Amino acid sequence: VSMLLLLLLPVAAVSDSVKFLPLDCEDIYNNGSIHSGVYTIFPAGHASPVQVYCDMGCEDSIDNDGGKWTVIQRRMDGTVNFYRPWDQYKKGFGNPAGEYWL
Numbered sequence: 021v022s023m024l025l026l027l028l029l030p031v032a033a034v035s036d037s038v039k040f041l042p043l044d045c046e047d048i049y050n051n052g053s054i055h056s057g058v059y060t061i062f063p064a065g066h067a068s069p070v071q072v073y074c075d076m077g078c079e080d081s082i083d084n085d086g087g088k089w090t091v092i093q094r095r096m097d098g099t100v101n102f103y104r105p106w107d108q109y110k111k112g113f114g115n116p117a118g119e120y121w122l
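Counting in this note's numbering, the sequence shown runs from 21 upward without gaps.
The set of hints was computed from the structure by calculation and includes no laboratory data.
Keep in mind that the hints are not guaranteed to be accurate.
[As the list claims (entries may be wrong)] Quick list of in silico lysine to any residue cross-link-like pairs, SDA-like style, CA-CA up to 20 Å:
| hint | residue 1 | residue 2 |
| --- | --- | --- |
| 1 | Lys88 | Ser53 |
| 2 | Lys88 | Ala67 |
| 3 | Lys110 | Lys88 |
| 4 | Lys111 | Ile54 |
| 5 | Lys111 | Ser53 |
| 6 | Lys88 | His55 |
| 7 | Lys39 | Ile54 |
| 8 | Lys39 | Ile61 |
| 9 | Lys39 | Gly77 |
| 10 | Lys39 | Gly52 |
| 11 | Lys39 | Ser53 |
| 12 | Lys88 | Gln71 |
| 13 | Lys111 | His55 |
| 14 | Lys39 | Pro63 |
| 15 | Lys88 | Lys111 |
| 16 | Lys111 | Ala67 |
| 17 | Lys111 | Val58 |
| 18 | Lys110 | Ile54 |
| 19 | Lys39 | Pro69 |
| 20 | Lys111 | Thr99 |
| 21 | Lys110 | Asn50 |
| 22 | Lys88 | Thr99 |
| 23 | Lys88 | Ser56 |
| 24 | Lys111 | Ser56 |
| 25 | Lys111 | Ile61 |
| 26 | Lys88 | Glu119 |
| 27 | Lys110 | Trp121 |
| 28 | Lys111 | Thr60 |
| 29 | Lys110 | Phe40 |
| 30 | Lys111 | Lys39 |
| 31 | Lys110 | Gln71 |
Predicted model only: the values in this text are computed from it and were never measured.
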C-alpha cells in the first residue's frame with residue numbers, strides 16, 4: 021500500500037499545480053487581485069497568454085466606473101508613436117506597463 025501511495029503522490033502534486041487561467045481582468049479581480057497593473061490573461065486558452073494592463077477602478081472615487089477593465093489602448097505621455105501601419109496594429113505594440121496597443 022505504501023508503494024502505491026508513493027506512485028500516486030507525483031500525480032497529486034501535478035493536479036494541485038493546475039492554475040486558474042483568467043479570460044480577462046474581471047476574472048483576475050474576482051480571483052482576489054484588486055489592484056490595477058499588468059497581468060497575464062488567456063482569452064483564447066492556455067496556449068495564448070497575453071499581458072495586459074488591468075484597470076481595477078477605485079472604490080473611493082466619485083467617478084467610479086466599476087473597474088475590472090481589460091485595457092486595449094493606453095496613452096499617457098506620448099512616449100510611444102501611434103502613427104503606424106495597420107499590420108503593427110494587428111500585432112500590437114508598446115509595453116502594457118506604459119503606452120501600448122493590444
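Do the hints match the structure? See the list:
Of the supplied pair hints, the one linking lysine 88 and serine 53 holds, its CA atoms being roughly 10 Å apart against a limit of 20 Å. As the CA atoms of lysine 88 and alanine 67 are separated by approximately 23 Å, the hinted pair breaks the 20 Å bound. For the hint pairing lysine 110 with lysine 88, the CA-to-CA distance comes to about 24 Å; that exceeds 20 Å, so the pair is violated. In summary, the hint linking lysine 111 to isoleucine 54 is not supported, as the alpha carbons are separated by about 28 Å, beyond the 20 Å threshold.
A C-alpha spacing of about 27 Å is found between lysine 111 and serine 53, which places the hinted pair above 20 Å, so the restraint is violated. For the proposed pair lysine 88 and histidine 55, the alpha carbon gap of about 10 Å is at most 20 Å, so the pair holds. A distance of roughly 18 Å separates the Cα atoms of lysine 39 and isoleucine 54; the hinted pair therefore holds under the 20 Å criterion. Proximity of lysine 39 to isoleucine 61 is assessed by CA-CA distance (about 12 Å); at most 20 Å being required, the pair is judged to hold.
About 25 Å separates the Cα atoms of lysine 39 and glycine 77, which puts this hinted pair outside 20 Å; it is violated. Proposed proximity of lysine 39 and glycine 52 is supported: the alpha carbons are some 14 Å apart, at most 20 Å. Simply put, lysine 39 and serine 53 have alpha-carbon atoms about 15 Å apart, close enough for the 20 Å limit, and the pair holds. A distance of roughly 15 Å separates the Cα atoms of lysine 88 and glutamine 71; the hinted pair therefore holds under the 20 Å criterion.
Distance restraint check for lysine 111 and histidine 55: the Cα-Cα separation of roughly 27 Å exceeds the 20 Å cut-off, and the hinted pair is therefore not satisfied. Proposed proximity of lysine 39 and proline 63 is supported: the alpha carbons are some 15 Å apart, at most 20 Å. For a cut-off of 20 Å, the pair hint linking lysine 88 to lysine 111 is broken: about 24 Å separates their Cα positions. Straight-line distance between C-alpha atoms of lysine 111 and alanine 67 comes to about 17 Å, which keeps the hinted pair within the 20 Å bound.
Of the pairs offered as hints, the one joining lysine 111 and valine 58 holds, with about 18 Å between alpha carbons and a cut-off of 20 Å not exceeded. Between lysine 110 and isoleucine 54 the CA atoms are separated by roughly 29 Å; this puts the pair beyond 20 Å, and the hint is violated. With a CA separation close to 13 Å, the supplied pair lysine 39 and proline 69 stays within the 20 Å bound. Only pairs whose Cα atoms come within 20 Å are accepted, and lysine 111 paired with threonine 99 is accepted, the gap being roughly 19 Å.
At roughly 29 Å between alpha-carbon atoms, lysine 110 and asparagine 50 are farther apart than 20 Å, so this suggested pair is violated. Note on lysine 88 and threonine 99: the hinted pairing is violated, with a Cα-Cα distance of about 25 Å set against a maximum of 20 Å. For the hint linking lysine 88 to serine 56, the alpha-carbon distance of about 9 Å falls within 20 Å, and the restraint holds. The hinted pair formed by lysine 111 and serine 56 fails the criterion: a straight-line CA distance of about 24 Å is larger than 20 Å.
Taken as a hint, the lysine 111 and isoleucine 61 pair is honoured in the structure, with Cα atoms around 16 Å apart against an allowance of 20 Å. Between the alpha carbons of lysine 88 and glutamate 119 the distance comes to roughly 19 Å, so the proposed pair stays at or under 20 Å and holds. Restraint check: the Cα-Cα separation between lysine 110 and tryptophan 121 comes to about 9 Å, which is no more than 20 Å; the hinted pair holds. Between lysine 111 and threonine 60 the CA atoms are separated by roughly 17 Å; this keeps the pair inside 20 Å, and the hint holds.
For the hint linking lysine 110 to phenylalanine 40, the alpha-carbon distance of about 27 Å lies beyond 20 Å, and the restraint is violated. For the proposed pair lysine 111 and lysine 39, the alpha carbon gap of about 27 Å is over 20 Å, so the pair is violated. Between lysine 110 and glutamine 71, the direct Cα distance comes to roughly 15 Å. Compliance with the 20 Å bound is thereby established for this hinted pair.
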